[in-house]
Every structure is written in C-alpha cells, then in structure tokens.
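Colleague: Each chain, letter by letter, is given below.
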Amino acid sequence: MTFGQGVLNIVIVFYGAMLLGALLIFVERRLLGAWTNRYGPNRAGGPFGVLQIVADLLKLMFKEDWIPPFADRPVFVLAPATIFITVMMSFMVLPVTPNLVISNLNVGLLFFLGMSSLGVYSIVLGGWSSSSKYSLIGGVRAVTQMLSYEVFMGLSLAGIVLISGSFRLTDIVAAQKGLWFVVPQLPSFFIFLFGGIAVLHRLPFDLPEAENELVAGYHTEYSGMKFGLFFMGEYVGIVLISGMISTLFFGGWLGPWLPPSLWFFLKTVFFSILIILLRASLPRPRIDQLLATGWKILLPIALVNILVTGAIYIAIS
Amino acid sequence: MFSILRTIWLIFRHAFMKPATVQYPEERPDTAARWRGRIILSRDPDGEERCVACNLCAAACPVDCIALAPAERESDGRRYPEFFRINFSRCILCGMCEEACPTYAIQLTPDFEMGEYRRQDLVYEKEDLLINGPGKYPGYNFYREAGADMGVKKTGEGELERPPVDIHNLLPGEE
Numbered sequence: 501m502t503f504g505q506g507v508l509n510i511v512i513v514f515y516g517a518m519l520l521g522a523l524l525i526f527v528e529r530r531l532l533g534a535w536t537n538r539y540g541p542n543r544a545g546g547p548f549g550v551l552q553i554v555a556d557l558l559k560l561m562f563k564e565d566w567i568p569p570f571a572d573r574p575v576f577v578l579a580p581a582t583i584f585i586t587v588m589m590s591f592m593v594l595p596v597t598p599n600l601v602i603s604n605l606n607v608g609l610l611f612f613l614g615m616s617s618l619g620v621y622s623i624v625l626g627g628w629s630s631s632s633k634y635s636l637i638g639g640v641r642a643v644t645q646m647l648s649y650e651v652f653m654g655l656s657l658a659g660i661v662l663i664s665g666s667f668r669l670t671d672i673v674a675a676q677k678g679l680w681f682v683v684p685q686l687p688s689f690f691i692f693l694f695g696g697i698a699v700l701h702r703l704p705f706d707l708p709e710a711e712n713e714l715v716a717g718y719h720t721e722y723s724g725m726k727f728g729l730f731f732m733g734e735y736v737g738i739v740l741i742s743g744m745i746s747t748l749f750f751g752g753w754l755g756p757w758l759p760p761s762l763w764f765f766l767k768t769v770f771f772s773i774l775i776i777l778l779r780a781s782l783p784r785p786r787i788d789q790l791l792a793t794g795w796k797i798l799l800p801i802a803l804v805n806i807l808v809t810g811a812i813y814i815a816i817s
Numbered sequence: 176m177f178s179i180l181r182t183i184w185l186i187f188r189h190a191f192m193k194p195a196t197v198q199y200p201e202e203r204p205d206t207a208a209r210w211r212g213r214i215i216l217s218r219d220p221d222g223e224e225r226c227v228a229c230n231l232c233a234a235a236c237p238v239d240c241i242a243l244a245p246a247e248r249e250s251d252g253r254r255y256p257e258f259f260r261i262n263f264s265r266c267i268l269c270g271m272c273e274e275a276c277p278t279y280a281i282q283l284t285p286d287f288e289m290g291e292y293r294r295q296d297l298v299y300e301k302e303d304l305l306i307n308g309p310g311k312y313p314g315y316n317f318y319r320e321a322g323a324d325m326g327v328k329k330t331g332e333g334e335l336e337r338p339p340v341d342i343h344n345l346l347p348g349e350e
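Protein sequence lines correspond, in order, to chains C and Y. Each residue of the first sequence is one higher than the one before, starting from 501 at the first, in this note's numbering. Each residue of the second sequence is one higher than the one before, starting from 176 at the first, in this note's numbering.
It is possible that part of the hints are untrue.
Residues on chain Y that point at chain C, a partial pick, calculated with CB under 10 Å [claimed, not checked]:
{"no.": "1", "residue": "177"}
{"no.": "2", "residue": "179"}
{"no.": "3", "residue": "182"}
{"no.": "4", "residue": "184"}
{"no.": "5", "residue": "186"}
{"no.": "6", "residue": "187"}
{"no.": "7", "residue": "188"}
{"no.": "8", "residue": "198"}
{"no.": "9", "residue": "335"}
{"no.": "10", "residue": "337"}
{"no.": "11", "residue": "342"}
Don't read these hints as lab results, they were simulated from the structure. Everything numeric in this text was worked out from a predicted model, so none of it was measured. By construction, the Cβ of each residue, glycine as well, lies at the ideal position given by its N, Cα and C atoms.
Generate coordinates for the entire structure from the input sequences, incorporating the hints supplied.
Modeller: This is how it looks when you write it as structure tokens:
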C-alpha cells in the first residue's frame, strides 16, 4: 500500500464513519418517529428533512460551552474527547474491503476490544469530574456494566478466532467465504450483540444515562460541543459496532453481484437500524438484572461455546 | 424471550402505519362545534347586544380575566356593558362564563389561533369581542322569553314565562 493510498483510506473511512454517524442521528429520529406513529423531524428542508443534521450541528456549535465551577476542569474537558478518539481509533482496524482498511493489524480484534474498554474511561471520568451525584452514579454504573460485558464479549469472539485462526480482521472475513460465522457461532452473535449495545450504552442497556432516573447520567453537566462529542461518539459507535457485527459474523464485504464496499455498507446500515429498533421496542433492565444476565447466563454460554467450538475444531483437525 | 421478539416485531410493523400526527399549519385539525376557543359577545336577532352587564361571567371566571362596567340606555333603560374587556393572556378557556351567562351573550367559538407578538394585544376590548350575529343560538331574544318589560313584551307574557305572582293573594296561582 502506497503512502497516498493510505492517506486516501484514512480520509474515506474516517469521513465515511463520521458522515454515517451524523446521518444516523437523523435516521434514528425519523425511524423512532415512524415506529411510534409520528413523522419525526421533517421540517428542516432537504429530502425527508435531512438538513435537520445541519441545524442540530449549528445549534450545538453556538450553544454556550459551559463548564460548571465545581467540575474538575482538565478531566472534564478531556473526557468527551476520549470517547470520540477511541471510537475513531477502532475504525482503524475495520476492513471495509480487502484494500480499504487503514491499518491491517495482526491483532485487530484485540485492538478493537481494547479501544472499546478505553472508551469507558471517558464515561467514568466525565461522570466523576462533573462532581454531580447523577453523573457520578452514571459513571459508576458504566464501570460496573463494563466489568460484566467485557468478559463475555471478549470470550464470545474466541470461537471466531479459533475457527479463522487469526486476530486479523481481513483474515476473519476471508475465512467466512464458505459460510458466515453467524451460523456456526449463533450464540456468540447474540452475546456480541448484547455486549455491543452495552458498549454503546444505548437502550435497552443505557444504564449509565438512564434519563428517567439520572437526568442524563454521565453527561448531565455537559453542554455545547462537549456534549456534541459524547453524542457523536455514541452514534459513530453504533456504526462501529454494526460494522464489527457484519465483519465478524456476516462476512463483511463478502456477497454476490454487488461491489464489496456496498455489501459492507448495506450490512452495517442493517445492523445500525436493528440497534435503533431494539431501542424503540425494549425497556431498560435494572443494573442488577443486567449484571446477573451477563454473569449467570451469557458468560456460561460463551464458555460452553468456546468448549464446543474447540472440541469440534480439534476433532476436525 | 418470545415476548421480547414479539415486541420487536410489533414495533417494526408500526413503520408501515399511517402516522397519527396532524401536520398543523398545512393540515387543519377539525375542531368540534363545542370547542372552547376564542370568546365572543353575540347580538340578539334584532341586532341589539345581548349582554345586560349582569357581571355573572366576571364572577364565575376562575382567573378573573373579564372586566366590565354596566350602563343603562337613556331611551328605554336597557342595560348594556359600557366596556367589556377580556384578557386572553389570562383566560384559560374553561367556558364558565358561557355557563354563567343568563342571556347567551358570551359564547366560546371553535377558533383557537389567537397568537400575538405582544402580550398587550391579547387584551380584547368590546369592539374586538362583539360579533354581528346571534352565535350558537339563532332566534333567541331573552326579552321575548322572560324578564322585565323592555317594550318587546309585557312582564309575564313571554314564551316560556308564567304571569307574575299576585303577591296580595295567599293562594297559589290557578294551574
């Protein structure tokens, strides 16, 4: 890969991700509207009122960027940047097509898991530095949640690594030429979806935010573009998790007739919409219910899945 | 587990339903005939103001947004409001004034588009309230139905009226 092509890849992937994330904010509002028998924002102009994104962005930019006097300033400023940076860093290893990948790391999968864990720091620090009880409870919940989902989410991917024999995401996709991993690894797909939504802390697992109990959870005290970064981080995160689901379980760019990048795009959009649909339809569990499900149900399933996959793998080879 | 999947499916189906939203400025909602909107003062079929300035509406008003002062006409002594003022920035459109009104003068209409840029513009004077018709009760003239002699009919000769009680007689009237 030449230097020029590398730069081009960075531009395409990062801008594509940000554009898709921004579009998703609008798409989510319209879809939630449709699913609750409303229209959603349709007045801002453009097709379907898509200029609402521009209006939202302008509003966030010109809002007063207020830092509460009781907050821990440096950490308070650092926290929203962290989540955005970690999410964007994860896009580094996401293979859109065999050639359109910024850095084809041989530990791509571990890099993704590491970055998604780092993202939690942003929430914890944001909640802590706000010096407000709601933010703090949100941050603490984020840690508790992270401690439970990180374990089974990582373990659920072990089966995939076993079958494909690589942590490199392009190799994992290439290994799915015959059969998408969702078929042999169906339980880990559901576990990963569960964990992925918990990583994004979106409904139904948005306990760190939990509007009706914690105001806005960890970002209660944030305003202006700092809040905007949390917001963008969340939506770009949806694109990332959807991209990871399609890469790991649904054959990434693989697919007949259409060009590979389009296949990847369609799969990613499909899972983004699925995540929005889950938000529209499912209620939020209590934190102890989430933890109990994680440790008592999903972790054993993930372990059994590794065991069975490993046994079959050894039997075949 | 099944109920969760069923919920997701049911919510998804809503995407193909017609939204319940009424897109207001373009699509007008239907307001019922009894909608409680902008308040008007009506006239009787002869073109006279129905209001007799009895102050019952002002007394019934829970937010005290009605102000009026009675006056009597020189020629026949018929009462009318000298001024009649409703402060719509206070009015809660409850319709108590309409219920209290003995002459059907004050009425609520289906109009609800009363937006103003300045709060003072929401104070309606009598000229703003008075309309040229009988409103919801066409043909009703309270002086013909009951009430004092105002040159329309003699006392006790109204359409729904009994002759006045003879206060010099102990016996009840001949019924």
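Colleague: Return the numbers of the hints above that this structure violates; sort them in rising order.
Modeller: 1, 9, 10 and 11
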